[in-house]
Structures are given as C-alpha cells and as structure tokens.
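Chain by chain, the residues run as shown.
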Amino acid sequence: MEFDQLWQSALGEIELQVSRPNFVTWFKNSKLIDKKEGTALIGLPNNFAKEWVENKYNKVILGTLRGMDDSTKKVEFVVYNERTAQKPTIKSGTKVAINKNDDFGQLSFSEFKVDQVTNLNSKYTLSSYVVGKSNEMAYAAAMAVIDSVGNKYNPLFIYGGVGLGKTHLMQGMGNEVALKYGGKIRVKYVSSEKFTNDVVWAIRNKRMETVKEKYRLIDMLIIDDIQFIAGKPSTEEEFFHTFNALHENNKQIIISSDRPPKFIPTLEERLRSRFEGGMVVDIGVPDYELRLAIIRSKLQDKKAVLSDEIIDLVANKIQKNFREVEGIINKILFYQSRKNGEITAKNVEEIISESSQEPTKNINPNLIIKAVAEFSEIAPLDLLNKSRKKEVAEARQILMYLLREMLQLSYPHIGRRIGKRDHTTAIYAYEKIAREIQKNPALNQKILIIKELISKG
Amino acid sequence: MNLIILKDNLREGLNTLERAVAESNTLPILKNILIQTEAGKVKLSATNLEIGVTNLLFGKISEEGSVTVPFQALYSIIVNSDTERINLISSGTTLIVKGENYEAKIQGLNPEEFPIIPKINNETNSIEIDPGSFKSGLSDVSIAAHISEIRPEISGILFDFQIGIIKLVATDSFRLAEKTIDHTKFKTNFNQGFKTIIPLKTIQEIMRIFSDTKPIKIYFDNHQILIKNETTELISRIIEGNYPDYEQIIPKNIETEITVKRENLVNALKLVSTFSSKTNDVRLKITENSKAMELYSINQSLGENNYLIPIKSKGADNKSLSFNWRYLLDGLKAIKTEDIFFGINSNNRPALLKSPESRDYFYILMPIKGD
Numbered sequence: 085m086e087f088d089q090l091w092q093s094a095l096g097e098i099e100l101q102v103s104r105p106n107f108v109t110w111f112k113n114s115k116l117i118d119k120k121e122g123t124a125l126i127g128l129p130n131n132f133a134k135e136w137v138e139n140k141y142n143k144v145i146l147g148t149l150r151g152m153d154d155s156t157k158k159v160e161f162v163v164y165n166e167r168t169a170q171k172p173t174i175k176s177g178t179k180v181a182i183n184k185n186d187d188f189g190q191l192s193f194s195e196f197k198v199d200q201v202t203n204l205n206s207k208y209t210l211s212s213y214v215v216g217k218s219n220e221m222a223y224a225a226a227m228a229v230i231d232s233v234g235n236k237y238n239p240l241f242i243y244g245g246v247g248l249g250k251t252h253l254m255q256g257m258g259n260e261v262a263l264k265y266g267g268k269i270r271v272k273y274v275s276s277e278k279f280t281n282d283v284v285w286a287i288r289n290k291r292m293e294t295v296k297e298k299y300r301l302i303d304m305l306i307i308d309d310i311q312f313i314a315g316k317p318s319t320e321e322e323f324f325h326t327f328n329a330l331h332e333n334n335k336q337i338i339i340s341s342d343r344p345p346k347f348i349p350t351l352e353e354r355l356r357s358r359f360e361g362g363m364v365v366d367i368g369v370p371d372y373e374l375r376l377a378i379i380r381s382k383l384q385d386k387k388a389v390l391s392d393e394i395i396d397l398v399a400n401k402i403q404k405n406f407r408e409v410e411g412i413i414n415k416i417l418f419y420q421s422r423k424n425g426e427i428t429a430k431n432v433e434e435i436i437s438e439s440s441q442e443p444t445k446n447i448n449p450n451l452i453i454k455a456v457a458e459f460s461e462i463a464p465l466d467l468l469n470k471s472r473k474k475e476v477a478e479a480r481q482i483l484m485y486l487l488r489e490m491l492q493l494s495y496p497h498i499g500r501r502i503g504k505r506d507h508t509t510a511i512y513a514y515e516k517i518a519r520e521i522q523k524n525p526a527l528n529q530k531i532l533i534i535k536e537l538i539s540k541g
Numbered sequence: 002m003n004l005i006i007l008k009d010n011l012r013e014g015l016n017t018l019e020r021a022v023a024e025s026n027t028l029p030i031l032k033n034i035l036i037q038t039e040a041g042k043v044k045l046s047a048t049n050l051e052i053g054v055t056n057l058l059f060g061k062i063s064e065e066g067s068v069t070v071p072f073q074a075l076y077s078i079i080v081n082s083d084t085e086r087i088n089l090i091s092s093g094t095t096l097i098v099k100g101e102n103y104e105a106k107i108q109g110l111n112p113e114e115f116p117i118i119p120k121i122n123n124e125t126n127s128i129e130i131d132p133g134s135f136k137s138g139l140s141d142v143s144i145a146a147h148i149s150e151i152r153p154e155i156s157g158i159l160f161d162f163q164i165g166i167i168k169l170v171a172t173d174s175f176r177l178a179e180k181t182i183d184h185t186k187f188k189t190n191f192n193q194g195f196k197t198i199i200p201l202k203t204i205q206e207i208m209r210i211f212s213d214t215k216p217i218k219i220y221f222d223n224h225q226i227l228i229k230n231e232t233t234e235l236i237s238r239i240i241e242g243n244y245p246d247y248e249q250i251i252p253k254n255i256e257t258e259i260t261v262k263r264e265n266l267v268n269a270l271k272l273v274s275t276f277s278s279k280t281n282d283v284r285l286k287i288t289e290n291s292k293a294m295e296l297y298s299i300n301q302s303l304g305e306n307n308y309l310i311p312i313k314s315k316g317a318d319n320k321s322l323s324f325n326w327r328y329l330l331d332g333l334k335a336i337k338t339e340d341i342f343f344g345i346n347s348n349n350r351p352a353l354l355k356s357p358e359s360r361d362y363f364y365i366l367m368p369i370k371g372d
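Residue numbers (my numbering), protein chains in the order written: chain A, 85 to 541; chain B, 2 to 372.
Treat the hints with care, as some may be off.
Claimed, not checked - Simulated crosslink set (DSS-like; lysine-lysine; CA at most 27 Å straight-line):
1. B:K315 x A:K540
2. B:K99 x A:K197
3. A:K316 x B:K196
4. B:K370 x A:K382
5. B:K320 x A:K415
6. A:K298 x B:K196
7. B:K196 x A:K278
8. A:K197 x B:K196
9. B:K196 x A:K290
10. B:K44 x A:K140
11. B:K370 x A:K207
12. A:K278 x B:K279
13. B:K253 x B:K120
14. A:K415 x B:K120
15. B:K279 x A:K290
16. B:K136 x B:K61
17. A:K535 x B:K168
18. B:K44 x B:K120
19. B:K320 x A:K401
20. B:K136 x A:K207
What the hints assert, rightly or not - Computed spacing ranges between beta-carbons, pair by pair:
21. B:E19 x A:S211: 52 to 62 Å
22. A:R354 x B:R20: 26 to 36 Å
23. A:N139 x B:Q193: 31 to 41 Å
Stated by the list, open to error - Some chain B residues well away from chain A (every beta-carbon gap over 12 Å; in silico):
24. A40
25. E64
26. K99
27. K218
These are calculated hints, taken from the structure and not from any lab test.
Think of the CB as a built atom: it goes at the ideal place given N, C-alpha and C, for glycine as much as any other residue.
Chain A with its partners taken away, still in its complex shape (with noise of 0.2 Å):
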C-alpha cells in the first residue's frame, strides 16, 4: 500500500537521526494510518510508544514527511494494534494444540476451541456430514445456500429433533462458506442461549450498542436452537431488529429449532412469519441405512473397525438421538482395546443399554395428562369426563396413545382411566394414532413436543 511503502522511506531517513537503541525501540511496529489535508496519522503499539514519539519525535518526523511531500503541515498520533486492529482471516481446520497437556489426557473446556471470530468448531465439516433419505432435502438446501449466500433461501429453517444433526449441517456450512470465500464472507454462528445471554447483558449494563455492533456486522447468522428464545420478550424484539437489519441487506439467515415455526409456542407473530418466510427444512430421523452409513464414517473418522454384525446391532439399537452413537462407539472401542479380544454382541448389547439410561424420570400418568392439557390448551377435568367435542376426542386419543406408548399400561386401565371407557376404545385411540403418526408430519410433530413437556416436567 502507498502508505506503506512512504512510511518505509521515511523511517529510512528517521533511522539515520535517532540513536539505535531508541529507534528501535520506539519506532517498532509503527505504522502511518492515514494522510489527508495536510495532516499524517501515525498509529504506534502502545501508550509508552506514543507519549515518547509525540514528544520527543514531532518533529523528526514532520521534517522527513515534509521533505518527501511538501504539504505535510502536522503530525498526530494515536494508538494502534497492528495484531487486533488487522481483520483476523478465518483459519479453518487449522488446529491449534493449546498446550503440551493435552499429550497427557488432560482434558482442556472443549467450548474454548471454536474460532474466537466466528464460533464455528473446525470438527463438524460437511464432507463429514452422511446424507440420507431423512436428511437430503436439508442438505440441498444447505448446499443452495453455500452457493449463492444470502439471495436463495433466506432465512434458512432447520428442525428436527435432539441429536439429528442439526448443528453439525449448520456449522458444516459456517465453515464451508468460510473457506470458499476466504473470509470475505463473514459467517458467525451463536446459540439462542448466547444470544440471550448477551441481550441481558446489554439492559443489564445499559450497552445495547455491543449488541448490535456484534451482531449486524456480519454477513452470515447462523443461530441455533431458536426456540429457546420464543417467551423472552426483549430478546425476542432484539432479535427481530437483528433479523431485520440483516435479512433487507440481503445478508443470509440460518435458523434450527426442534420444530417448524408454527409450532414453537409463545415465539411473536412477527417472527414466526419472518421465519416461515424463507425456507422451512426438516431433518427426521434417519433409517437404518443411513444410521448404518453413519457408523460407518465415524469409524472411519476414527480408524477403527468393527465387525459388521456390532455395526448392524448399534443401528438397530439406536434409533432417535443419533448423539448417543459417537460415545456408544468409543466405549466399545475402548472396551475392544482393553479386552485385546472379540467383542460379543451382548457386551454391545450391555454398552448400550447402559449408556442409554435415557432420564425416564418418574414419568407418571398425571405428568402425561397434564402435558397433553397444557398442549392443546384443554382442561386436564375435560380430558378425562365424557365431553365430545371434537378437539377434546383427538387430545384425549393423543393422551391414550401416550399412555400406552411410555408407560405400557393396560388398555382396561387406561380406559377406566379416561372418562370410565371400554378399554376398546382405548386400543382403537392407540392403533389410530400410532396410524396416522406415519402418514401426518404435523401429529408426529405435536407428539415430539408433547413427550418433550413430558421430560421436562
């Protein structure tokens, strides 16, 4: 640069004014910033750099500028951190061992190893990402995306249920389009739990400004698990403004939730139809072969070989939350290292059912009437009396359907239960839903979230 290379010149002649030691210390990382109507901008490291120079150099240096171009009429100076200043370039990959500790199984805060810029994790690429038939239309979506970066779908809207995918797809993009365009697209890719950390924090500490200059200085917004903001007012109107900046800047959106907007309770009208407003992707939950095709990569992400008949056995086993998978594989690796021998299909069958010790925590039936009730805005007494509306029949056959489905309770017990019925109308509920459960996305999706109330109690 032009600045650059007058500088360079002038500190040529500078050096033959000053002492040595004193312009090497002094001048050290100096840099002209800046020339214009007469006046030169020199940034130096620090506050040490800058008092002695303005002081002691003033006029060494107006001299020299001077000489080289006539119209310098004055010197300023200021503060600059070439390292901080300069726009940091976006290594992905690239890792960076924090410290020989690691050599000794000491475990270092895995959250600290993202990129500080962007908050992406180099680990969840997309080559590593297995498509399959539950996934595919996301994945298009997801490459759409990449190629033409905030004028196709925008915002993008991922769902689907815990440990589907979501992220890795996500950050897999974050890190695609950082590499393809070098940094000249500036991706960042936060939880609605940051988020919303950082939102209070500004009221709190009265510095809304931080996060706006955070977050609508970028240029791609990967956001995750958004339904958490959905019932928190003032994140929710933050993040609205945020979206808002963004999205008539053509800058693109990317959004996952465990489900589709519409279904995300207590989220603002005008958001929901701001998200519905791009495109809105699942991710369900993946069939055998593509579990199969997962273990399989992940296997050999890891060099490491099982035997199809365990592999086959994990497939099967596992069916929802495809998280459990990785920690399931390195224990029976673990195991298979330490036996130094075969390993059994029912040590595999043992791991599993060990590490699956899903929280099934004291779920009774009156958590599960009372989280069909809260669902479907019914009251828990009208559930179980003999009223026959229609929205009051499907919740109550929703309810049968859970009953049976979560707990194994008897159908007579169930029916003498439910408003005194014959148990076969409870096995009429059960087979209807579990019928339609296949063939209606949105049932199956009023399920999921039901069983998630459920959970949480």
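Fit chain B to the supplied structure of chain A, relying on the hints for placement.
Quick look at chain B alone, frame taken from chain A:
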C-alpha cells in the same frame, strides 16, 4: 536537586518499583529509575514499557531537580546502609548518595532520556474499591491463569464491570475461576458495563505493591488501566481482544454432589500425590454407599497408595474420575470454608468446586482422560 529522605521510606519506595525496572539491552535506560522533586514531594518512577510505576515519598527538599540512575546500584546502597537519613544530591547526571560516614557517586543518564509514563485518557470515571477485597479476588482467580503466546486473550484476568458487581475471571483452558465482588465493596461513577482484560503480570504487581489499607481507585481508557492510591500509581496496557465466552462451560447440572471437609481433602491429596506420575493424576472414586471417597494414585516404578475420606454425597454413584491433583489443590486453596462443595460429572465434563454457602466464588476443572 538536593534532598534528605528517611532510609526506610526510600527503601519502601524502591521496593515498590522493583519489578517495573527492566533488564533491557536495546534501551539501557530502562534499568534506571527516575528521581524527581514534584510539589514538595520526591517522586520515583520506573517502567519496562509494559507497565509504569510511580511512587511519591516525603522528604526535605532544599533544591528542586531530577536525576536518573541504575536501580540496582541505588537499591543495594539503601538496603545495606546503616544511617536513618539519606541525603541525595544531583550533580549533572550524577547522583551523590550521602549517609553519616558514607558517600557514593552513581553515574546516571540525562533525565530527559527517561521514558515518559503515559497518562490515562479518562480521568472522570473511576472505581474506588476496597483493596483487600480486590486483591484477594485477584489472588483467588489468578491461580487459574496462564501466560499463553498462542492465546493472548487468556493471558490475563477478565475484569467484567457490570452495574452493581465486578466479576474477575481467569482460565488456562483446563480450569477456570470466577470471583464476584458485590457493590458493598466499591463505589463508582461508571454508569455502563464494560469488559477488559488485565495482563497477568500487571495483576501480580497490583497484588504486590498496593497495601490492604489505603483505598485504591481504578481508571480505564481504551488501551490502559491505571490503579492508584494516595502515594502509588501503576499504569499498564490492557490485552486487546475478546475474552472467550466462558458462561457456557459452567456446568448447569451436576450429576454427583459431594460435600467434604476441606482439610481432609487437602491432606489426602497431598499424601496420595506422592505416588502420582508425571501427569499429576490422582483418581477419585465414590465408594461405601456414597459415604466415602477413595483417592488413589499409582506410579509404575514406585508403587501405589490409596486414602479413604468420609463424604456426604447425592446423585449418581459409582463415579470414578482422575484429576490433576495440583489443579485440584489450587482450587481448594482459594476456598476458605470448612466444608467444600465438590460437584462431579462424567469423565469428559468439568467438575465444580465452591463453598457450600457463598455464591461469590467458583472453580471449575476438567478431568484427566482415563477409563
């Protein structure tokens, strides 16, 4: 310059400056201190260009002036001198030091060559804080800090000023400590929150040079922090960059909650660690129906040992985890209560140490990978 000063005062002043003096080969004057008369007082200054420290002393001044001489020479004279009153006279760039039966001439440099110690750019806003609380807070968190060239932003302590509280945070990415100082301990006219990172070396100097009794005031601008009491001032650069978002690593739920006598655990760790290997690992295991914790360490060439201490615990049992005992001990030292709350999770998630009663301090720590 001609002045008389009490030896003990001068020695104390020199002590304050000691670590701000630099062994610089490029700029030899950084080995010096500057002695000036200013408004009827004697002012000593030293800087290593990262921090600058000044100290005001009382003295009887008969002639104004200034001089700069090597710190080490003056310091050894004053430490070894047996007279109560010292007479300092400048003659050109030379300093004459006179005691009762003693006289020394120290060759100095031109005081004009001594670096200018910068001023803070915001003198209107400050925090007046109880030095004891501030210093003990710094000392409780700084155990978790570590100077890292790869990650300069964690080579210091986060000073997170919020309306009504100050949070101090330090981490080396293996453990993290947070201290909260509540509003009863400080007064301020800052009306907005801000975050800044103070270099670890500066923190160590703050803890060393400021007394627990004289109130201190803290000032900030975009690049610097200034701490001062009525006699001493320390100005330092701050670390530019963003502190990691550490909130997300604080464990939100704890699988096994243990209450243990602090002294028991400290002693057990010290004893059992005798056999721990280079990694400093000690294995902890909850046994005896969750009523005891076993500490165990093994060294392939030396042997092994174990120790059983009584605990109260709640939550998942059969836990077995390894920790670096030094890290664990650091956290235990910072918590001064009789009982300790020790929350542990699975072997790849952080554990939490705090006092059972107070909420103003916690220490979190990652385990060592093991089976």
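Hints versus structure:
1. Using a Cα cut-off of 27 Å, the hinted pair K315 (chain B) and K540 (chain A) holds, with the two alpha carbons roughly 21 Å apart.
2. Proximity of K99 (chain B) to K197 (chain A) is assessed by CA-CA distance (about 60 Å); at most 27 Å being required, the pair is judged violated.
3. With a C-alpha separation of about 25 Å, the suggested pairing of K316 (chain A) with K196 (chain B) holds against the 27 Å cut-off.
4. For the hint pairing K370 (chain B) with K382 (chain A), the CA-to-CA distance comes to about 20 Å; that is within 27 Å, so the pair holds.
5. Between K320 (chain B) and K415 (chain A), the direct Cα distance comes to roughly 16 Å. Compliance with the 27 Å bound is thereby established for this hinted pair.
6. Distance restraint check for K298 (chain A) and K196 (chain B): the Cα-Cα separation of roughly 14 Å lies within the 27 Å cut-off, and the hinted pair is therefore satisfied.
7. A C-alpha spacing of about 17 Å is found between K196 (chain B) and K278 (chain A), which places the hinted pair at or below 27 Å, so the restraint holds.
8. Restraint check for K197 (chain A) and K196 (chain B): the C-alpha separation of about 21 Å stays at or below 27 Å, so the hint holds.
9. Using a Cα cut-off of 27 Å, the hinted pair K196 (chain B) and K290 (chain A) holds, with the two alpha carbons roughly 13 Å apart.
10. A threshold of 27 Å between alpha carbons decides the hint, and for K44 (chain B) with K140 (chain A) the separation of about 22 Å falls inside it, so the pair holds.
11. For the given pair, K370 (chain B) sits about 20 Å from K207 (chain A) by alpha-carbon distance, which is consistent with the 27 Å threshold.
12. Straight-line distance between C-alpha atoms of K278 (chain A) and K279 (chain B) comes to about 38 Å, which puts the hinted pair past the 27 Å bound.
13. Note on K253 (chain B) and K120 (chain B): the hinted pairing is violated, with a Cα-Cα distance of about 43 Å set against a maximum of 27 Å.
14. Using a Cα cut-off of 27 Å, the hinted pair K415 (chain A) and K120 (chain B) is violated, with the two alpha carbons roughly 59 Å apart.
15. Taken as a hint, the K279 (chain B) and K290 (chain A) pair is broken in the structure, with Cα atoms around 49 Å apart against an allowance of 27 Å.
16. Restraint check for K136 (chain B) and K61 (chain B): not satisfied, since their Cα atoms lie roughly 33 Å apart, outside the 27 Å limit.
17. Taking the CA atoms of K535 (chain A) and K168 (chain B), the gap is about 39 Å. The hint is violated against a cut of 27 Å.
18. For the suggested pair K44 (chain B) and K120 (chain B), the alpha carbons sit about 16 Å apart, so the restraint of at most 27 Å is met.
19. A C-alpha spacing of about 26 Å is found between K320 (chain B) and K401 (chain A), which places the hinted pair at or below 27 Å, so the restraint holds.
20. Of the pairs offered as hints, the one joining K136 (chain B) and K207 (chain A) is violated, with about 40 Å between alpha carbons and a cut-off of 27 Å exceeded.
21. Between E19 (chain B) and S211 (chain A) the Cβ separation comes to about 56 Å, which falls inside the hinted range of 52 to 62 Å.
22. The given range of 26 to 36 Å is broken by R354 (chain A) and R20 (chain B), whose C-beta atoms sit roughly 58 Å from each other.
23. In this structure the hint that N139 (chain A) and Q193 (chain B) lie 31 to 41 Å apart at CB holds, the actual value being about 32 Å.
24. Non-interface call for A40 (chain B) relative to chain A: holds, since the shortest CB-CB distance, roughly 21 Å, exceeds 12 Å.
25. Remark: the non-interface label on E64 (chain B) is consistent with the geometry, its nearest Cβ contact in chain A lying 26 Å away (cut-off 12 Å).
26. At roughly 32 Å, the least C-beta separation between K99 (chain B) and chain A is larger than 12 Å, which holds for a residue marked as non-interface.
27. A cut-off of 12 Å between C-beta atoms confirms that K218 (chain B) is not in contact with chain A; the least separation is 19 Å.
Checked against the numbered hints given earlier, this structure breaks hints 2, 12, 13, 14, 15, 16, 17, 20 and 22; the rest are met.
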